[in-house]
Amino acid sequence: MSHEQTSLAFRENTVRALEDTALRAAMKQAADTFGTKRADAFAPVADLEALRDRASAIREDVLANLPMYVDRFVASATRAGATIHRAKDASAAREIIAKILSERGAKRIVKGKSMVSEEVDLNSHLEAAGMEVVETDLGEYIIQMEGESPSHIIVPAIHKNRRQVGRLFADRLGVPYTEDPQALTKIARKALREKFLSADAGVSGANFAVADTGSLVLVTNEGNGRMVTSVPPLHVAILSIEKMLPSLTDLPAFLRLLPRSATGQTMTSYVSVITGPRKAGDATGAKELHIVLLDNGRTEILAGESRDILKCIRCGACMNVCPVYRTVGGHAYGWTYPGPMGIVLTTLLTGMEKSHPLVDASTLCGACVEVCPVRVPLTDLILGLRQRKVRDRFSNPRERLGMEAFGKAAASPGLFVLGQRLAGAFWPVVRALGGKDVAGRMPAPAKTPFRRRLP
Amino acid sequence: MKVLLFGTCLVDTFFPEAGEATVRLLRRFGAEPVFPKGQTCCGQPAFNAGYEAQARAAAEHFLWEFDGDDPIVTPSGSCAAMVKHHYPRLFRDDPKRLAKAKRAGERIYELSQFLVHVVKAHEAGLRGKGTVTYHASCHLTRSLGVREEPLTLLSSLKGATFIPMPDAARCCGFGGTFMAKLPEISCALADEKAASIEATGADTVTGCDSGCLMNIADAMRRRGTKIRVAHIAQMLAEGL
Numbered sequence: 026m027s028h029e030q031t032s033l034a035f036r037e038n039t040v041r042a043l044e045d046t047a048l049r050a051a052m053k054q055a056a057d058t059f060g061t062k063r064a065d066a067f068a069p070v071a072d073l074e075a076l077r078d079r080a081s082a083i084r085e086d087v088l089a090n091l092p093m094y095v096d097r098f099v100a101s102a103t104r105a106g107a108t109i110h111r112a113k114d115a116s117a118a119r120e121i122i123a124k125i126l127s128e129r130g131a132k133r134i135v136k137g138k139s140m141v142s143e144e145v146d147l148n149s150h151l152e153a154a155g156m157e158v159v160e161t162d163l164g165e166y167i168i169q170m171e172g173e174s175p176s177h178i179i180v181p182a183i184h185k186n187r188r189q190v191g192r193l194f195a196d197r198l199g200v201p202y203t204e205d206p207q208a209l210t211k212i213a214r215k216a217l218r219e220k221f222l223s224a225d226a227g228v229s230g231a232n233f234a235v236a237d238t239g240s241l242v243l244v245t246n247e248g249n250g251r252m253v254t255s256v257p258p259l260h261v262a263i264l265s266i267e268k269m270l271p272s273l274t275d276l277p278a279f280l281r282l283l284p285r286s287a288t289g290q291t292m293t294s295y296v297s298v299i300t301g302p303r304k305a306g307d308a309t310g311a312k313e314l315h316i317v318l319l320d321n322g323r324t325e326i327l328a329g330e331s332r333d334i335l336k337c338i339r340c341g342a343c344m345n346v347c348p349v350y351r352t353v354g355g356h357a358y359g360w361t362y363p364g365p366m367g368i369v370l371t372t373l374l375t376g377m378e379k380s381h382p383l384v385d386a387s388t389l390c391g392a393c394v395e396v397c398p399v400r401v402p403l404t405d406l407i408l409g410l411r412q413r414k415v416r417d418r419f420s421n422p423r424e425r426l427g428m429e430a431f432g433k434a435a436a437s438p439g440l441f442v443l444g445q446r447l448a449g450a451f452w453p454v455v456r457a458l459g460g461k462d463v464a465g466r467m468p469a470p471a472k473t474p475f476r477r478r479l480p
Numbered sequence: 002m003k004v005l006l007f008g009t010c011l012v013d014t015f016f017p018e019a020g021e022a023t024v025r026l027l028r029r030f031g032a033e034p035v036f037p038k039g040q041t042c043c044g045q046p047a048f049n050a051g052y053e054a055q056a057r058a059a060a061e062h063f064l065w066e067f068d069g070d071d072p073i074v075t076p077s078g079s080c081a082a083m084v085k086h087h088y089p090r091l092f093r094d095d096p097k098r099l100a101k102a103k104r105a106g107e108r109i110y111e112l113s114q115f116l117v118h119v120v121k122a123h124e125a126g127l128r129g130k131g132t133v134t135y136h137a138s139c140h141l142t143r144s145l146g147v148r149e150e151p152l153t154l155l156s157s158l159k160g161a162t163f164i165p166m167p168d169a170a171r172c173c174g175f176g177g178t179f180m181a182k183l184p185e186i187s188c189a190l191a192d193e194k195a196a197s198i199e200a201t202g203a204d205t206v207t208g209c210d211s212g213c214l215m216n217i218a219d220a221m222r223r224r225g226t227k228i229r230v231a232h233i234a235q236m237l238a239e240g241l
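Line by line, the protein sequences give chains E and C. Just so you know, we're using the working numbering here: the first sequence kicks off at 26 and counts up by one. Just so you know, we're using the working numbering here: the second sequence kicks off at 2 and counts up by one.
Take these hints with a grain of salt, some might be off.
Residues of chain E placed beyond 10 Å of chain C at every Cβ, according to the derived structure [stated by the list, open to error]:
hint, residue
1, Ala305
2, Thr352
3, Asp385
4, Leu389
Here are the simulated lysine-lysine pairs, DSSO-like style, with alpha carbons at most 30 Å apart [said to hold, decoys possible]:
hint, chain 1, residue 1, chain 2, residue 2
5, E, Lys433, C, Lys182
6, C, Lys182, E, Lys379
7, E, Lys472, C, Lys227
8, E, Lys53, C, Lys227
9, E, Lys215, E, Lys312
10, E, Lys379, E, Lys53
11, C, Lys3, C, Lys38
12, E, Lys433, E, Lys113
13, C, Lys38, E, Lys472
14, E, Lys472, C, Lys3
15, E, Lys472, C, Lys130
16, C, Lys97, E, Lys53
17, E, Lys433, C, Lys38
18, C, Lys130, C, Lys159
19, E, Lys433, C, Lys97
Far from chain E, by Cβ distances over 12 Å, these chain C residues were calculated [claimed, not checked]:
hint, residue
20, His118
21, Thr178
22, Arg229
Honestly, the hints are just simulated from the structure, not real lab data. We put the CB at the ideal spot given by N, CA and C, even for glycine.
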């Protein structure tokens, strides 16, 4: 199903989320668990800072030479037998994928987890073309059944508890109610097995694309990723252009950082490296492999001041530690990517006019910067976008007047002291104007400010 | 040793007791605090809201008021971080002011940093009383990297018991203009922080940033909790 962007209603979304006690409990528990597991997983990594430096440097090199690495990937993947498609934007990506699938008469599609496919709203488009699209990641399977979108880039159903999932399965699948996670997983596995075996095509994303070898790298836990990419005769992968890594020798650094940052695992259950379609003598693999490389504004981002967001490897660590995200969950952000990285990416990909309240959705506490495995300067990027919001006149006019007055007072001691006195004298008025939101939460100014108490 | 005291606009306007305590501490440890009379605000409210021109105006004024070679001391991690890390960014295209900004960044100390590293206040055997817990404010901890100094000072207080708070460095939800723009989340975060504080059983919570302490005190009021909220300068000065 299609999901309209609601980022402009961020504050209203947060108010609704704050009233949802089940969501808040689920978020707090999950975020705390991931935070603890992440810390435990990194504790024995003695060279963590050097590892982050290395990963950061590799990602910077990729961005500095992105067109070259993309061309190299296209050439290598083509040599390996894959067919490459370049999609300028979301609608191009949808058209390309729908065409590949419909030309081959594919009706039943199994999908691996892919945030890029969410970004281009692929499912609703394929469904409108008469295809059955089944999400096979357990979390994605749950939210697809519920008609929701992912609320976390790694843990899409993070906002749900097992009782909610139990009721959902009982309602939709006609199974007896259970809230036992293992039993629920078995139910999903049984339903999904049939889908895998009868699927005409698998659609997946990719965590990385290796330029030297033309390989796609998928880092997964449930095995569904491997089924999607190897059981059906046709595999279509969609990924955004910045997912490049120069060579396979760069991969180990990321395989050490990504699972630890994402879920606190030292390694995931599966790491798939897919280089071209099945060749003569191969035991498994899709017979046909298509790779759709999505730009969707990234070339423009690369040329701008927020380019560092393209270093992101989508581990989700920034959202797990973000005080705002862990309190309201991902849906409040109103588009595909939530949390600190989502604030930046959503604003850049969808435009300030559709997302400007998001840039204020951070206390600038810096917890995200502290955990980012590739050193994306998230708070600096958010500050940069706030400056752009002001430049592009999306800021509140009353705030603008207030800040202009602040600028003058901060540069002039006379005005500053006058402002201080006025605030003191008219505090009840200031409090009434500011309401409970601001002035009501601050004490009245001191009768004698510090500067006049100095001996 | 002469030090230039940057009171900060919050302490100056709302919490003069924290400023007075800072002066007493500095004098006790042999520093001679001088308060540049024309000082205003470091510019953080404008900077964090995206108003670069207004933040630059404030920063230019700060650099003028605090010119020279003397150390600058301020009872705020957040304002010290603003000067140290964001002033150079504000003046990236202005070589003359950039040099001054960098110099100011080297000269500025958050109070607990100065007390531990320069005057060794933790070795003075200051007195304290009761039980105290500590909120590690965000910019102090993660931007300035001041993690141990406040703990060193608080654990040195004779007669007081220090009780660590779980997740002490988790944001209290203040965030400057954040508290005004997204008050519902801000209050929810402050409530979470207040609950952590209450769970320690301490009778006082302290910290190095008045903004956060103000936000925490507000949550305490809403919850009807009787835990005292005091700036670290006040905690320490009481034992002089």
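Going down the list of hints, with the structure as the test:
1. Against chain C, the non-interface label of Ala305/E holds: every CB pair exceeds 10 Å, the least being about 55 Å.
2. The claim that Thr352/E lies off the interface is violated: its Cβ sits roughly 5 Å from the closest Cβ of chain C, which falls inside the 10 Å cut-off.
3. Its closest Cβ contact with chain C, about 5 Å, brings Asp385/E to no more than 10 Å, contrary to its assignment away from the interface.
4. In this structure Leu389/E is not separated from chain C by more than 10 Å, as the shortest Cβ-Cβ distance comes to only about 6 Å.
5. About 22 Å separates the Cα atoms of Lys433/E and Lys182/C, which keeps this hinted pair within 30 Å; it holds.
6. For the suggested pair Lys182/C and Lys379/E, the alpha carbons sit about 18 Å apart, so the restraint of at most 30 Å is met.
7. The straight-line distance between the Cα atoms of Lys472/E and Lys227/C is roughly 24 Å, inside the 30 Å bound, and the hint therefore holds.
8. Simply put, Lys53/E and Lys227/C have alpha-carbon atoms about 26 Å apart, close enough for the 30 Å limit, and the pair holds.
9. Of the pairs offered as hints, the one joining Lys215/E and Lys312/E holds, with about 25 Å between alpha carbons and a cut-off of 30 Å not exceeded.
10. Taking the CA atoms of Lys379/E and Lys53/E, the gap is about 29 Å. The hint holds against a cut of 30 Å.
11. At roughly 15 Å between alpha-carbon atoms, Lys3/C and Lys38/C fall within 30 Å of each other, so this suggested pair holds.
12. For the proposed pair Lys433/E and Lys113/E, the alpha carbon gap of about 46 Å is over 30 Å, so the pair is violated.
13. With a C-alpha separation of about 18 Å, the suggested pairing of Lys38/C with Lys472/E holds against the 30 Å cut-off.
14. At most 30 Å may separate the alpha-carbon atoms for a hinted pair to count; Lys472/E and Lys3/C meet this at roughly 29 Å.
15. A threshold of 30 Å between alpha carbons decides the hint, and for Lys472/E with Lys130/C the separation of about 29 Å falls inside it, so the pair holds.
16. For a cut-off of 30 Å, the pair hint linking Lys97/C to Lys53/E is broken: about 48 Å separates their Cα positions.
17. Among the hinted pairs, Lys433/E with Lys38/C is consistent with the structure: their alpha-carbon atoms are about 17 Å apart, no more than 30 Å.
18. In summary, the hint linking Lys130/C to Lys159/C is supported, as the alpha carbons are separated by about 8 Å, within the 30 Å threshold.
19. Of the supplied pair hints, the one linking Lys433/E and Lys97/C holds, its CA atoms being roughly 22 Å apart against a limit of 30 Å.
20. At the 12 Å boundary, the C-beta of His118/C stays outside the reach of chain E, the nearest C-beta of that chain being 22 Å off.
21. Not every CB of chain E lies more than 12 Å from the CB of Thr178/C, the least distance being 8 Å, so the non-interface label is violated.
22. The beta carbon of Arg229/C is kept farther than 12 Å from every beta carbon of chain E, the shortest such distance being approximately 14 Å.
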